[in-house]
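Engineer: Chains as they are written, first to last, in full-length UniProt numbering: chain A, 1 to 483; chain B, 1 to 354; chain C, 1 to 150.
Be aware that one or more of the hints could be misleading.
As the list claims (entries may be wrong) - One-sided excerpt, in silico: chain C residues whose CB lies under 8 angstroms from chain A:
| no. | residue |
| --- | --- |
| 1 | Ile18 |
| 2 | Ser22 |
| 3 | Leu29 |
| 4 | Ala60 |
| 5 | Asn71 |
| 6 | Pro73 |
| 7 | Leu94 |
| 8 | Asp95 |
| 9 | Cys96 |
| 10 | Cys111 |
| 11 | Ile123 |
| 12 | Pro126 |
| 13 | Pro128 |
Hints in this document: simulated from the structure, not taken from any laboratory.
Even glycine gets a Cβ: it sits at the ideal position worked out from N, Cα and C.
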Amino acid sequence: MKVFVVSILFYTILFSQSKKIDQCFQCHMEIGSIQAEQFVNDVHKSKGLSCSSCHGGDNTSDDDAIAMSAKKGFIGKPKPDKISEICANCHSNPSKMKKFGSSVTTGQMENLNKSVHGKASTVANTSIAQCTTCHNAHGIVKVNNPKSPVYPTNIPQTCGKCHSNVVYMQKYNPSLPVDQIEKYRTSKHGMLNKAGNKKAAACADCHGSHNIFSAKDVRSSVYPTNIPTTCSKCHSNKEYMKEFKIPTDQFEKYKESVHGIALLKKNDISAPACNDCHGNHAATPPGISSISKVCGTCHALNAELFASSPHKKAFEKNNYPECETCHNNHNIAVTRDELLGVGKTSICSKCHSQNQQFKGYTAALEMRKLIDDLTEKHKIATSKIFEAEQKGMEVEEIKFRERDINSSILEARTVIHSFDVSKFKEVIKKGEIASDEVISDAKSKIDEFYIRRIGLVAAILFSTLLMILIYLYLKRIEKEKNI
Amino acid sequence: MKKLFNNIYSWIDERVQISDLVKFMSKKYVPIHSHSIWYYFGGVSLFFFIIQVVTGILLTFYYKGSSEQAYESIKFIMSKVEFGWLIRSIHAWSANLFIFTIFIHMFSVFFERTYRKPRELTWVTGVLLFFLSLSFGFSGYLLPWNELAYFATKVGTDIVGVVPIIGEPLKLLLRGSEDVTGATLSRFFAFHVMLLPLIFSLILFIHLLLVQIQGMSEPVEEKVKGNMPFFPNFFLRDLILWLLVLNILAVLAVFFPSELGLKANPLAPAPAGIKPEWYFMFMFQSLKFLPSKILFIDGELLGILLFGSAGVLWLLVPFWDRKTARGQKNRLINYIGIFAIIFIIVMTILGWVL
Amino acid sequence: MNTTTQKKIPRKDFFKYIINISTSAFLILIVYPIVSFLKPPKQREVEVSDVKISNLDDFAIGDSKIVRFGNKPIIVIRKEKEQFIALSAACTHLDCTVQYKKDESIIWCACHNGKYDLTGRNISGPPPRPLDKFVATLKNNELIITKASS
Numbered sequence: 001m002k003v004f005v006v007s008i009l010f011y012t013i014l015f016s017q018s019k020k021i022d023q024c025f026q027c028h029m030e031i032g033s034i035q036a037e038q039f040v041n042d043v044h045k046s047k048g049l050s051c052s053s054c055h056g057g058d059n060t061s062d063d064d065a066i067a068m069s070a071k072k073g074f075i076g077k078p079k080p081d082k083i084s085e086i087c088a089n090c091h092s093n094p095s096k097m098k099k100f101g102s103s104v105t106t107g108q109m110e111n112l113n114k115s116v117h118g119k120a121s122t123v124a125n126t127s128i129a130q131c132t133t134c135h136n137a138h139g140i141v142k143v144n145n146p147k148s149p150v151y152p153t154n155i156p157q158t159c160g161k162c163h164s165n166v167v168y169m170q171k172y173n174p175s176l177p178v179d180q181i182e183k184y185r186t187s188k189h190g191m192l193n194k195a196g197n198k199k200a201a202a203c204a205d206c207h208g209s210h211n212i213f214s215a216k217d218v219r220s221s222v223y224p225t226n227i228p229t230t231c232s233k234c235h236s237n238k239e240y241m242k243e244f245k246i247p248t249d250q251f252e253k254y255k256e257s258v259h260g261i262a263l264l265k266k267n268d269i270s271a272p273a274c275n276d277c278h279g280n281h282a283a284t285p286p287g288i289s290s291i292s293k294v295c296g297t298c299h300a301l302n303a304e305l306f307a308s309s310p311h312k313k314a315f316e317k318n319n320y321p322e323c324e325t326c327h328n329n330h331n332i333a334v335t336r337d338e339l340l341g342v343g344k345t346s347i348c349s350k351c352h353s354q355n356q357q358f359k360g361y362t363a364a365l366e367m368r369k370l371i372d373d374l375t376e377k378h379k380i381a382t383s384k385i386f387e388a389e390q391k392g393m394e395v396e397e398i399k400f401r402e403r404d405i406n407s408s409i410l411e412a413r414t415v416i417h418s419f420d421v422s423k424f425k426e427v428i429k430k431g432e433i434a435s436d437e438v439i440s441d442a443k444s445k446i447d448e449f450y451i452r453r454i455g456l457v458a459a460i461l462f463s464t465l466l467m468i469l470i471y472l473y474l475k476r477i478e479k480e481k482n483i
Numbered sequence: 001m002k003k004l005f006n007n008i009y010s011w012i013d014e015r016v017q018i019s020d021l022v023k024f025m026s027k028k029y030v031p032i033h034s035h036s037i038w039y040y041f042g043g044v045s046l047f048f049f050i051i052q053v054v055t056g057i058l059l060t061f062y063y064k065g066s067s068e069q070a071y072e073s074i075k076f077i078m079s080k081v082e083f084g085w086l087i088r089s090i091h092a093w094s095a096n097l098f099i100f101t102i103f104i105h106m107f108s109v110f111f112e113r114t115y116r117k118p119r120e121l122t123w124v125t126g127v128l129l130f131f132l133s134l135s136f137g138f139s140g141y142l143l144p145w146n147e148l149a150y151f152a153t154k155v156g157t158d159i160v161g162v163v164p165i166i167g168e169p170l171k172l173l174l175r176g177s178e179d180v181t182g183a184t185l186s187r188f189f190a191f192h193v194m195l196l197p198l199i200f201s202l203i204l205f206i207h208l209l210l211v212q213i214q215g216m217s218e219p220v221e222e223k224v225k226g227n228m229p230f231f232p233n234f235f236l237r238d239l240i241l242w243l244l245v246l247n248i249l250a251v252l253a254v255f256f257p258s259e260l261g262l263k264a265n266p267l268a269p270a271p272a273g274i275k276p277e278w279y280f281m282f283m284f285q286s287l288k289f290l291p292s293k294i295l296f297i298d299g300e301l302l303g304i305l306l307f308g309s310a311g312v313l314w315l316l317v318p319f320w321d322r323k324t325a326r327g328q329k330n331r332l333i334n335y336i337g338i339f340a341i342i343f344i345i346v347m348t349i350l351g352w353v354l
Numbered sequence: 001m002n003t004t005t006q007k008k009i010p011r012k013d014f015f016k017y018i019i020n021i022s023t024s025a026f027l028i029l030i031v032y033p034i035v036s037f038l039k040p041p042k043q044r045e046v047e048v049s050d051v052k053i054s055n056l057d058d059f060a061i062g063d064s065k066i067v068r069f070g071n072k073p074i075i076v077i078r079k080e081k082e083q084f085i086a087l088s089a090a091c092t093h094l095d096c097t098v099q100y101k102k103d104e105s106i107i108w109c110a111c112h113n114g115k116y117d118l119t120g121r122n123i124s125g126p127p128p129r130p131l132d133k134f135v136a137t138l139k140n141n142e143l144i145i146t147k148a149s150s
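Okay, chain A solo, but in the shape it has when bound (with noise of 0.2 angstroms):
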């Protein structure tokens, strides 16, 4: 009973202690200081704290002689490189967070740490961000509050302010582009969360909150292997990309493509991935006229060839976008030789036929033969070098020609893209020449190996010449030792 009776006492001084009025904020307000009015509508007024919860001091007592006294703990503004730590205390704590009936995550102060603007700034001790420069100092509000510099449609301003600052930007990084919001605007997200669509992917969206990394770093949500897939947490969601009305398979295209599987599978950062054909921050598609310039980035040979070819005109003529035509846009496939010809698997046929376009149903049909007698004949010539390797030839110098079969093939290959009859020829003609070559001169090798055999020839006369002397001479011994 007495147990009872104290700790009721206790409670209820405990209680009466926090319901006190602030004497903190009541002063500051009445000498109309922005600080404190601003924190009126801080969730952080709201679950209770006082502006000594930050600053230290006394907030029970009303002589600011006591209440900002360094001996109860005054420390005035905090210094640049405690405010975070201040933040931390609370918010790196599980169980304080949860005393005051808070949800929101712990560990964001580790990440900011790991993260590139957790690096020291120019101001001695102090890292570039504090929790203060995105989330402000005494109006903070939550995340989902429209007011937040961190709701989604503030975030390009609130990243601006530095991103977009080329004077301050240059102190860090000065190979940065500062463009980025400019670009965003354009882009497709960008204006979507400028209308007020939150679910348009702005900065943190894609580089993250607390954990942003540079983009060189591996760890980050758009090095280039990690960008399919922070492309597809909301493209490859049906339920979320409803409203926009477009397709969500582009991830799952991806993965088997080409490209998708160097980058993800074989970790070629050379390959493309999203970005590399939508823009960064200007993501939009490319236009049908604009694609084969996009792919002539990187294929640039091809994309001049095309540009040179009787299909430039037909295609711009029926409005087909170039490159995609023939090899897709996600789901680019590996090039074989089976998509030339008339055949079944071949892409020609789609226009071509022997009743429409002719002149590029045989075009096709020659270069598609042209192509498979020279890999039949590098066939050859690989499996005759490894025959004369095996007989212990010296095929090295022939080995070092055969790279030409496999470059015309290679070649002829791009060249395909001039839909040129006479230059596919001439490539091939190259390798041709080559594979004749080295087929005779392996030929020639593996002759040289049964040329053994005349050597052996003679052993064997003379070992067998031999054999019969020994035995004549055998028996003549053995007969005189009868007699």
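We have chain A; now place chains B and C onto it with these hints.
Structural biologist: Chains B and C only, in chain A's frame:
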């Protein structure tokens, strides 16, 4: 010329008395009977061994026993070194024929019961030489470091690992690491060119010494028609046979040269049709035929234990064959020998066909 | 061995003459391959370690040459009178042989328009990594190309 030769001979003879040895040798006779032909196989095996030593030494002039260079160095021998292809092919062919003639030599001795008193030790050393030849084959097979050799060695050493208690440490001792790696190659190279030749020569010396001291054994059942002096009559016959063998080797080396295949790649999946050398095929195949569990014992383990004990019994034939020792006929020996031959032939064929 | 057996027979005759001849012929047949086997081959080592260009007078400044290094091509560019650049000529993309484009001062691959700068760095197109470097040393008006020690 002849005079010089005689001078040198007498100079040496004065000091080490070779004439005694020559006298001893010339007194050695070889019995003539209908089974005399089997006497030649020991000599032919010896000849193959000599060829192996000569060609083997020649190969070490260029061979490099490391996983990076082994394959390349053999390619080098085959393509850049004059007659490299010939030396290597002869070494490979001779190795196979060596084991083949040892098989014949051993079985002929077995059926003739030549192992009976007083030649028990000759038999024991002979069987040991047989086991050593198999080890020569096994260790030499890996040295080219090609795909087939790599996987055959992997399988072969895996089988060793099945033996209880000593299996794992033995496997590790053979491999020199957890898996078949460059360390294994170094070890096998050391076994093949250092350890095995040393032990082999030592035992071979004892084996030949015993043959010289005890002379040729006469068969129990055959009628001996007469005797032939070992020197020069039998020796010259041996010589003719050796020349013939050399011809066969040359033909095989030229028409069926050893190929090199593809370089071993430990990360590549095992190619189809991994087969051990033909002289291991019967064991390999019988292990494959055993069910995975016999009663409560692991089938493979049981097989290995069976082969192990068969080997030991084979080694100790002269000691358990009491009947022959007493001068009686022992038909059991014939049955065992015939069973062993049929078993080996059938299993080997099955191994190649299946 | 044979010689000793003949020694035992005192009779000198034609037969012995033949046997001597064929024995020596046979011995030569055995010894010849062995001796040639032991003779060091022209290429001393398993791996090619260097390659030479001796006629430098034909090699104009600003020209390039493709030379064979084992079965791999090497592109040698004469930049200045005494400055040579030696790089692997196998494109790192799909192994086509690259060429020197003097006007653009780049190394170029015709197959897929891959471009490298003159240090071998891949600067444009599909090549995933730089060309392997080789060392070109000028010695007595002879250019010796060796593998770069990594």
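Engineer: Each hint: holds or not?
Structural biologist: Results of checking the hints against the structure:
| no. | hint | verdict |
| --- | --- | --- |
| 1 | Ile18 | 6 angstroms, holds |
| 2 | Ser22 | 5 angstroms, holds |
| 3 | Leu29 | 5 angstroms, holds |
| 4 | Ala60 | 24 angstroms, violated |
| 5 | Asn71 | 4 angstroms, holds |
| 6 | Pro73 | 7 angstroms, holds |
| 7 | Leu94 | 5 angstroms, holds |
| 8 | Asp95 | 6 angstroms, holds |
| 9 | Cys96 | 4 angstroms, holds |
| 10 | Cys111 | 4 angstroms, holds |
| 11 | Ile123 | 12 angstroms, violated |
| 12 | Pro126 | 6 angstroms, holds |
| 13 | Pro128 | 5 angstroms, holds |
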